[in-house]
Structure formats: structure tokens, C-alpha cells
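K.L.:
Under mature numbering (1 follows the signal peptide of the UniProt record, and there is no 0), the letters of the sequence shown match residues -24 to -1, 1 to 567, in that order.
These are computed hints drawn from the structure, not numbers from a lab. Don't be surprised by glycine CBs; every beta carbon is placed ideally from N, CA and C. Careful, some of the hints might be misleading.
As the list claims (entries may be wrong) - Label pairs and their computed distance ranges (CB to CB): (1) Q567 with S292: 36 to 42 Å; (2) V304 with E114: 21 to 27 Å; (3) D429 with Y375: 34 to 40 Å; (4) E114 with K378: 19 to 25 Å.
As the list claims (entries may be wrong) - When the alpha-carbon atoms are kept at most 25 Å apart in a straight line, the in silico DSS-like pairs for lysine-lysine are as follows: (5) K178 with K102; (6) K52 with K302; (7) K374 with K102; (8) K523 with K513; (9) K40 with K52.
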Amino acid sequence: MLNRTTSALLACSFIATLFCLSNATPNDNFDFIIIGGGTAGLTLANRLTELPHITVAVIEAGDKVLNNSNVTDTDKFTAALGTPIDWQYESTNQTYAAGQTISCSAGKALGGTSTINGMTWVRGEKSQIDSWETIGNEGWSWDELFPYYKKSENFIVPSPAQVAAGVSYDDADHGESGPLKVGYHPELQNGSLHGLVEAAWKSLGIPSTIDANGGDVRGFTVEQQTLDPDANIREDAARAFYYPFQNRTNLHIYLNTTAIKVIWTSDGGDAVADGVEVTSSNGTVSTINARREVILSAGSLRSPAILELSGVGNPSILDKLGISSKIVLPGVGENLIDQPNNAIVYNSSTTFNGTTGYLTYATATDFHMNQPNDDDIPIWAEQVAAANNHAVNASSLKYLFKVQSELLKSVANAEVFLSTGKGIGLPPSGFLATAFWLLMPFSRGSVHISSLDPLVYPIINPNYFLVDYDLKTQVAITKWVREFWMTAPMSILASEISPGYTTLPANATEAQYTEWVKTSFSSNSHSLGTAAMMPRKLGGVVDNTLKVYGTANLRVVDASIIPFQISGHLTATIYAIAEKAADLIKAEIKQ
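Please build the complete structure, drawing on both the sequences and the hints.
P.N.:
Structure representation (C-alpha cells):
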């Protein structure tokens, strides 16, 4: 039987395809323009075009990747990194991380980062989502967002073989009628490894988790992924939310088209977004007009850049480039938070067939790290404010850091991902790798434009390890991961080959661990917060309806709006944000 995507592709006529995938012309008019055809953008476009009288245009800088094996192959997700479908961003030299530049990936394709990420489906902690409401975003609590987490999802119940391989789940935590398939890898490792790993974590006080998607992630579990277990292919946003619906004549996709800036009118009140100026791959510049709204869903490293090119941001940034400030919002591009990721690789004489995807979430107490000291919070706030030219003031940061510090008393602040070689592109024999990262850094950076040219990448400065507590936490996690590997039965299963005990001795000093962490980490590519949903006085950029302050009809719907890092992976939360945004917009349409 044909699967749903293939059936939809055949159903979409040649004429409809031309209509759906078109080039911008000077007089194109739509109700809504969405900048960015990624995870959030396509979800939002799909839900809005459920209303047949509403027209939507999606502007996407990349191309289709439906049949790209680097996308579809569930064991090759790293193969797409560094290719043309990866934006391949680079940070500035990192002052607090040995002066090195760090690469950061993001998807440049229809489907966005959902086409190149690790496919992991973990939502985060209840109290973390509740903190959004705590800081002033009414309607954004766990209870409010949970139905939207489930709305996108079409959870595929595991097979008996997958259950035998160690998976577990809770029906109550999942949706069954959404467009996006979520399930377990069809080629899970079915030998003894799961039991060995589980036993070692149990010895260290880490329980097994029935399902990490119920709002309490602490424990050991097998990852759920955005994939189609029957076809064994990635389930990205385009495959789930666009291709099965591409014959909708009220949905238009502009591929290989870059948004330059938002076009404005103003009648003396809030600024009104009238359209978007775009450039095609051949350099032709044109304007697409919006009758109702413009929505930015270009991602946390690009949405703030488009805001700045449109005259929305900090005058100290805009004035240097001769951009007239339409709306003064110093928080645009600030509050950039990413997670530093280190890895240790082991080799075993045992061959492990299949994939694993074992996730472990741990609190500071679990990995022997002290809680933040209240006396340090004002110091960190001043450090972060000074490093970012006080675009967000120290008083606001102090308040936000207190909220974060309170969260860290209970939520997970470390993730350890254990995979066989097959799952990460290594030879599938005896290789085992553990990647691990600090989940909720206090360090904050920024992303800002340096040119009027939209094709010039913004300046990205995550300020990794600006706050020393982050570095100490990552060191503590490193030591704890090694403790896990020295715990029976793991201690007799494999030997460390990278970094190895020659590079980082078993009895390494704190200084040696610190140096290794700083010089060997990579970006987790989980950047967020750069158009934060917070009160304007705290440095926020959007309100609780996701409208940009000072505008009547410009919204941001992507990871930019998330104010704090989460103890999970971003994909599930981005889908949920887009689902909720669609309902907010639909409610306004009906008024």
C-alpha cells in the first residue's frame, strides 16, 4: 500500500505543483507571509491553510530535499552536516573557550533543521515550561502547552521486538492523530547492551524512565525519534506538514528565495508589516505583499537578523549600518543560549548490531555538582550584561537567573547520549560513544547583523563558558560520564580511545579537565532565546501572542522566542509553539 506521502505526491497535479512552488513576482499578495519553511514555518502554514479562505506564502532560502539520502536515512544524520543544506554558521572567536571559533548547524532546506538534526523527541520538564508563565507570559504553562505537544504527533506504538530491546512508553503522553510520525528506530540493538547500561546507571542512582515525554525527564531511557519506523526514514517537517497537503491551492512555497526585510507602513500607532522584500537565487529583488500578517520562522540565528534589517532592534547596532530604527527593541539578537557538547568514545571487543540512542538525564545532585550560590547570581548578571554591552541590563538578568537557579534545584541539567557506532556514522563494530552536555547554561551571547546584505551571515557570539559555573558544570558531567564507564558492568565492556587516558589521565587535575572541556567541545546546535518571549522591560522581543512589541501584525514563531534552555531537545517544543501560535492566529481571524 502506498504510504501517505507518496499518495499525496501523486495526487498533487502538475498544475498545482507549479502553483504551490513558484517564483516571487512584484504583485504577489497573500493573507499571511511566513519567512522560513522549517519546523515551525511549515507547521504554521499547514494549520493556517486548513482555513480554505486564508492564503499563505512561505519563503524558504533552501530547496526540496525529499529524496536526499543524507536526510532520509535514519543512520546518516551527521552526513548532512557541512553540506549545502546546512547553513554552516560560525561563531566569533570565543573569549572564554580558548579563543576558538565554533561551528553551528541549521537546516537550509524545505523542512529546516528537522531535515538534518538527530531526530530526538524529548519535550523537557514541566517546571521549565511553567517558568515561561512565571516571568510574565500568560497562557504559556506546561498544562497549556501539553495538548499542543500532542497535537502534532502520530505516535507509533513499539513492536514486540522493540519492547524486547528495552523501550517503554506511556500512552497518556502521546498524540495519535497528528501529521508527524514519532516512534522508535526499527533496528534497535537487541542484545545485552541495554541491560548492561541500565545496570550501570542504576548503580549510580539513576532510575529507568517509562517515558521521558511526560514532563519529568530524569532517568535512563531509549530515545523516541521523528521517524517512520515502517519505512525507516526521517520524518521531517516537510514530509509531515507539507507534502501530504501540497495540493492546497491556498498554500504557496517560494524555494531558493531569501527574505531581505519587512516592508512597513505606519499610521502613527503600532507599525504595520505590509510585506516582505525578497531576493531570488538569480538576484532578482521583489516584494510579496501581506494582507494580514508577516511571521518570522527563520530560526534563532536568522530571525533576529531579519528584524534588524527591517529596522527593529538596538539603535547602537542599526545606526552603524545606516538603518533607521523603526522600533527600538534592544533585546533583539540578545539572550542567545546554546549548549556545549563534549564526547568520549570507547571501543569494545563485542560487536553491537543495530542502533541504541540511549538517553540519560541527571540533576546536579546526580553528577556531584553544587547548586548555584545566590550570592553569585548578581555577579553573573553583571558579567553577562557587560559582555553584551548592557543591551539587557543586569537587573533583568539577575531576575531571570534567579528563576533559572530555582529550576536547577529539581530539573535535569545534564544529558548523556550513548550510541553504537552505527548511529553516529562510526564503524558499526565495537564502537560506543557518549556525547554529553550541560542543559541550562547561564552564559548568554548574541547574534547581530554586520551588513545590509541579507546573504552576509550575522555575527554569532554565544559566549560559551562566560559564566564560570557553566564550565564547572560541564567538567563535573565529564567526570561523571567517566565514572559511569568505570562502573560494572560497563567497566569490563569497553576501553576509552578518545580522548584516552594519555590525553586526559584518569587522575587528571581540575585544570586538566577544564582545559580539555574548553578545547574539545562543539555546539549542540540548540540555540534559542534571541527574540525572547518576555516582558519588554526584561529585554523581551515578543509578547505572549508572539507579536513583536511595537508592531500590529509581525510575529516570531520559532526557537527564538524560548526564554530559557530546556532539559530536552528543541524539535518537540518548536512544533508545539507553532501549533499554539496557529490557534492564537485563528482565534484572531474569527474575531
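K.L.:
Against each hint, give a clear statement of whether it holds in the structure.
P.N.:
Comparing the hints with the structure gives:
Q567 and S292 have their C-beta atoms about 38 Å apart, which keeps the hinted 36 to 42 Å range intact. At about 24 Å, the CB distance of V304 to E114 agrees with the hint of 21 to 27 Å. Take D429 and Y375: their Cβ atoms lie about 37 Å apart, and the range 34 to 40 Å holds. Against the hinted window of 19 to 25 Å, the Cβ-Cβ separation of E114 and K378 comes to about 20 Å, which satisfies the hint.
Between K178 and K102 the alpha-carbon distance is near 24 Å, which keeps this suggested pair within the 25 Å criterion. Between K52 and K302, the direct Cα distance comes to roughly 44 Å. Violation of the 25 Å bound is thereby established for this hinted pair. Distance check on the hinted pair: K374 and K102 sit about 23 Å apart at the alpha-carbon level, within 25 Å; holds. With a CA separation close to 15 Å, the supplied pair K523 and K513 stays within the 25 Å bound.
Between the alpha carbons of K40 and K52 the distance comes to roughly 18 Å, so the proposed pair stays at or under 25 Å and holds.
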